[in-house]
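Chains A and B, in that order, are what the protein sequence lines are. Reading the first sequence from the start, the letters are residues 1 to 277 in my numbering. Reading the second sequence from the start, the letters are residues 278 to 661 in my numbering.
Treat the hints loosely; a few may be bogus.
What the hints assert, rightly or not - Subject to a maximum C-alpha distance of 30 Å in a straight line, what follows is the list of computed BS3-like cross-link-like pairs (lysine-lysine):
(1) B:579 / B:443
(2) B:520 / A:91
(3) A:91 / B:477
If you are wondering where the hints come from, they were derived from the structure by calculation, not from laboratory data.
Each chain, letter by letter, is given below.
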Amino acid sequence: MSAVVHPLHRFIRPSVASTTNCPGCGNGIVAQAIMRAIDELSLTMDDFVYVSGIGCAAWIPSPFFNADVLHTTHGRPIAFALGIKMGLPEKKVMVVSGDGDLTAIGGNHLIHNARRNVDMIVVCLNNGIYGMTGGQAAPTTPMGLKTTTTPYGTFEAPFDISRLVIAAGASFVARWTTHHARQLTASIKKAMQRKGFSFIEVITQCPVQFGKKTGSGSSVQMMREYKEKSILTKEAEKLTEEELQGKIVVGEFVMKDIPEMVEEIRKMKQRASGEKK
Amino acid sequence: MSNPRVRPGRYFMMGNMACADGAIAAGCEFAAGYPITPATEIANRLAERLPQVGGLFLQMEDEISSIAAIIGASWAGKKVMTATSGPGISLMLENIGFALGVETPCVIVNVQRGGPTTGMPTAGVPGDMVQVKRGSHGDYEIIALCPASPQEMFDHTILAFNLAEKFRSPVFILADAFIGHMREEVVIPSPDQIEIAYRKLPEPGSDPQKIRGFLDENVAPMPVFGRGFKAHVTSSCHDEYGKRNLSDVSALDHFVRSLCNKILNHKEEIIRVEKNYDGAEVVLVSYGAVSRAAAMAALRAKEEGLAVGTFRLITAWPFPNEEIEKMSKSARKVIVLENNLGQLFPYIKAAADCHAEVSFMPPRVIGEIHDPEAILKKIREVLP
Chain A
1 MSAVVHPLHR FIRPSVASTT NCPGCGNGIV AQAIMRAIDE LSLTMDDFVY VSGIGCAAWI
61 PSPFFNADVL HTTHGRPIAF ALGIKMGLPE KKVMVVSGDG DLTAIGGNHL IHNARRNVDM
121 IVVCLNNGIY GMTGGQAAPT TPMGLKTTTT PYGTFEAPFD ISRLVIAAGA SFVARWTTHH
181 ARQLTASIKK AMQRKGFSFI EVITQCPVQF GKKTGSGSSV QMMREYKEKS ILTKEAEKLT
241 EEELQGKIVV GEFVMKDIPE MVEEIRKMKQ RASGEKK
Chain B
278 MSNPRVRPGR YFMMGNMACA DGAIAAGCEF AAGYPITPAT EIANRLAERL PQVGGLFLQM
338 EDEISSIAAI IGASWAGKKV MTATSGPGIS LMLENIGFAL GVETPCVIVN VQRGGPTTGM
398 PTAGVPGDMV QVKRGSHGDY EIIALCPASP QEMFDHTILA FNLAEKFRSP VFILADAFIG
458 HMREEVVIPS PDQIEIAYRK LPEPGSDPQK IRGFLDENVA PMPVFGRGFK AHVTSSCHDE
518 YGKRNLSDVS ALDHFVRSLC NKILNHKEEI IRVEKNYDGA EVVLVSYGAV SRAAAMAALR
578 AKEEGLAVGT FRLITAWPFP NEEIEKMSKS ARKVIVLENN LGQLFPYIKA AADCHAEVSF
638 MPPRVIGEIH DPEAILKKIR EVLP
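So here's chain B without its partners, still in its complex pose (with noise of 0.2 Å):
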């Protein structure tokens, strides 16, 4: 029996491409979206593939009503995701709180541009690395992988919606407009060789009263409509079994609390990085575009005899912090690049700062990749 959500093959696909396509392998049953620059393929590979394997894609109204239907479709038990560009996600910060404080499993797709406002759409620049972090009210947590190429484009997109499924939880793709507009060699496995993940639910039958729905740092099974568990789901403040309590701040601080702790006592389970770095004196730290020219960078200075060596963050959120500092102890000097003024940086800084001297290459030009011989110059300065 062929399986006509995945079509296995080598392909010279674009990234855009990769991510759908990875969604329908990795099952996604509805998405919803508005057109924007430079994720727009997404949505239109979406459309066109989602009805044929008995899925939907549904064009929206803005993206503040995207996400929320994704979020009720999930919670009709299907998988869901929505991709989207900066100001998308900007509009849809609240629901994305909303998501998270309900446990719902989504990915979204945050192929990124030249920001702030408007900004510049086509210009690949990872400008919203911690908005996916801070941008929603209150404290929380949440799951962000980092794409450097097509094939990850489709891999990431399966690993994104496994994670989402097991966590409960939304989970970013936070690719930008190079690699979203890339064009690469996909290699697309058959299905026995995809790990296709489910969200755990309640026994069926349930007595819908000792349903422990919500608030489980090991993930509570999720009762999803339609199945007769009655399920009440506030994103207000509420307890185990759902119930809504607006006035005991203990209350508030177990909500809060669980959330939190759902994703960060699973971080070794979630948080993946790319090391290249034994015996490295210099090791330059990325993610994303930025990394493909820090390896590049990296191999010339291994063919000129210098210690340099890569670390990738694939994992931006929950943030490797324990992977830096063991990174930092081996290096005596960091030079951290990414395609903006430093946004991850100062997290790098913190957990590297101990044991390594950690410095900051910004671009030559915000939205241009760093140029190579521009980082073995960085590379040859720091060195003593």
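With the rest of the complex left out, here is chain A (with noise of 0.2 Å):
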């Protein structure tokens, strides 16, 4: 009698026996994601090294990924990644974390990375909130929401990660939902096929602490949601501002051909040395 193992078992670290994950959690979308993206591409983990912070997010390599992990301090995977790049060039580097930890007090590392198009593949996990430490207001959560520490409603607008990002300088960037599971999976593809700072927007549930917060519900109810309000970038260029209050904008928003860091950085060597080209 042989078990059933799930084809992409061979991904996970062998000492890992359960998963720390809330009931109804978004990271399993994503992670199964990016182990889909491996294996049609026929990679193995050992093409590339992983980076996380600190969250629920960053628990998805660390310890889950049969790889290379490195899980590091709140808002510096970015950071540390690009140290391991610079070791490591001919490893995919990517980093998995949630939006607390790359857009608030990562946030520098965030803009200028991209700023250097570094050869690098961000994953970024936005549930809108800190699901970790019980529900506090993130830089992502919509204005108004009342959280632990925002007992009166936020006051403050949150960010657009795409749009920053975007603005920032990076060559490939994309968002989907925990919905568009296929779609996020070719982007991570795309991602992982092309040179420079590409970064992934997955606006995911956290059932446990969004959802309570804002009477959303249960995983199920936030991904209707999500369904219901996603509308892809090329028709949402054809409405206004005003007509897209409410909607998530999902798609592929930029792709672009510019100079890559580490290819950069083989010509400044070489200028350096006094070779020829």
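If you follow the hints, you should be able to join the two separate chains into one complex; please do so.
Right, dumping it as structure tokens:
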């Protein structure tokens, strides 16, 4: 008798026996999208180095992925990832972390590495809240929402993370929701096949914290809402800002061929050592 | 074959330049930093020379990312460093703790300046002597060296790289604006006279499940990235295999103690002091730039027929308490000289107080090296 083994199980670290995710968490959908992309491109875990910060999303690669993984301090995974990429330019360096980690405490590293267009993949799981610490407001929390640190409602405008990263100069930026598992996988595959700073924002459900705070309910209800509210970027272009209120614009926003940092460093070193091109 | 990393010869060289040249001689491959007075010349020199030998200096968006990037590159298998001053160290402290927690070889140069806060950037004040040991949160041990000349900026930087590699630990150079900006003769030896150490690695092809890459008091092999070791590296409390454990305090106890013991059990190999106190009744204890004034004062005292010696801390951390206690047994009076209001004094006093009378001599003005004449006056005061 042989047990049925999930085809992606080979990517999971053997010492990991259980998940730390809450029931209904979107982490599993994103983790699977990453692993499917690796599988469909016939890559292996040894082609990657994963880096994550602090928060629920950061626990996707650490410890689940059976690969080289650096689980770092809060907000800094992209800065650590830059150093890893400089040391191992032939590896695909991938950051998986959350909106609080990457855009609040780590916002500076996000925009500067987008500006550098350094070859790495950043998957940002945006659940609009601090899940691990118990439902505090994030820079992505919608205006007016009552959270544990904004009991009378938030009074700050949220970031549009993808727009921020586009403005900072990233060469590939896409946004999907956990409802768009196939599209998400396709965008991750594109990111894995190109050179440059590739940023993928995933709107993801946290039914335990965000769901309770907003009254948007269960995981299924939240994903149904994502489906209803999502509009493809091509369609969104036809609408005014007012008409787009409350919508989630999804799709691949930017894909451009601009100078990439690892390659520019290679050229700089040639100049420094007096070699001809 | 000439080695482009080492340019042997006798130079009239600034301390910060000697530090950068020492780093390159030691095999530094990657450095990251952020401009700050009085350390910037190190970054400038590294930015010029590292790409010539296949390395790289990156100017980062801040000191937080500078230390993060060098730790990342160290895990990618490179020899790494950063150089900054006090305000930069303050920003780096969280990730210095990270480097300790996941046992990352790296060299951190602190060219100290007048603090607190933004203070006086061009003043040479060793005001961060305890910060390196106690600044990051939690219990830990660290290695820190105190150069007293441009020559030592070269020599100690090489030593710092070797200690970092041997003990898989951040190693500090605690210079200050005096030493960093001082110009003096620096002798750079030929490459074959320079000892170079490399970190231990797991055997190639090791079963990733069986690599005990952490928490060995005798230094575990480092499962660097990119070689199929599938290393799980987390600064959260972990076991020898890198597996996270956030529920069992005995795991935390093991985590903290083995990291500390890795340094403390090897104090003899790490600690360096300069002793010149045979037959001395009064011993001047100092480090860094002030030790030059102490040496001058001791020389003049001897010329006057006074039994005065010196004791210089080359290693500030781990703290050389045994060596200081031993010194105190032969001395009757110990005068501690620091160009601050007494940062290491309590530690020195604790080690020497049993056997000798210990006093502190602050600088006349903070940021000004002690006048040897004033030290002589103090010696005459304490002598019976």
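Going down the list of hints, with the structure as the test:
1. Restraint check for residue 579 (chain B) and residue 443 (chain B): not satisfied, since their Cα atoms lie roughly 40 Å apart, outside the 30 Å limit.
2. At most 30 Å may separate the alpha-carbon atoms for a hinted pair to count; residue 520 (chain B) and residue 91 (chain A) meet this at roughly 24 Å.
3. Distance restraint check for residue 91 (chain A) and residue 477 (chain B): the Cα-Cα separation of roughly 22 Å lies within the 30 Å cut-off, and the hinted pair is therefore satisfied.
Hint 1 from the earlier list is the only one contradicted by this structure; the remaining hints agree with it.
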